[in-house]
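Student: Sequence:
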Amino acid sequence: MQELIITKIFSFGAAHNLDSYHGKCENLHGHNYRLEVSVKGVPDNEGMVIDYKVLKEIINKTVIEKLDHKYLNEVLDFSPTSENLLIWMKEKLENKLNSENYKLYKLVLWETESNKASIYV
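For the sequence shown, our numbering assigns the number 928 to the initial residue and increments by one for each residue that follows.
Treat each hint with caution, since some may be false.
Dumping the calculated BS3-like pairs for lysine-lysine here, alpha-carbon to alpha-carbon at most 30 Å [claimed, not checked]: (1) 935 x 1017; (2) 993 x 1033; (3) 951 x 980; (4) 1023 x 997; (5) 1023 x 951; (6) 951 x 983.
Just so you know, the hints here were simulated from the structure itself, not pulled from any lab data.
Construct the complete structure from the given sequences, taking the supplied hints into account.
Tutor: Structure representation (structure tokens):
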């Protein structure tokens, strides 16, 4: 059977500052982030790659609950750029979204309406 890619979109708000950056972003500020999580796999007998409800539970528990309405500099041990956030998310999710039928495929993190970063797994 053919592999398919499904995507679920999540939102969370968080504040941060970039300590070693010289410019506006060195000051405390916030973003309304949008996270796109894509999973690749073969549909099961029900015709689903992964149940969207299951995907939502995994992402909420592993990522959203840890970051939403938080000051990222206090809850993470790295500079909270979009790029670094994606690497952290990939590391947290790679094993949780990995079965014989599906695996994590791609993460896209929108920091603003015009700025996004992506990582393929």
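Student: For the pair supplied as a hint, residue 993 and residue 1033, is the alpha-carbon distance within the 30 Å limit?
Tutor: Holds - the C-alpha atoms of residue 1033 and residue 993 are around 20 Å apart, at most 30 Å.
Student: Given the proposed pairing of residue 1023 with residue 951, does the C-alpha separation stay at or below 30 Å?
Tutor: Roughly 36 Å separates the two Cα atoms, so the pair is violated.
Student: Holds or violated: residue 935 with residue 1017, Cα cutoff 30 Å?
Tutor: Status holds; Cα separation ~15 Å.
Student: Residue 1023 and residue 997 were given as a pair; does the straight-line alpha-carbon distance stay at or below 30 Å?
Tutor: Holds, at roughly 23 Å.
Student: So if I understand the rule, the pair passes when the alpha-carbon distance is 30 Å or less; does residue 951 with residue 980 pass?
Tutor: Violated: residue 951 and residue 980 sit about 38 Å apart, past 30 Å.
Student: Hint check: residue 951 vs residue 983, CA-CA at most 30 Å. Holds or violated?
Tutor: 34 Å, violated
Going down the numbered hints, you'll see the structure goes against 3, 5, 6, while the others check out.
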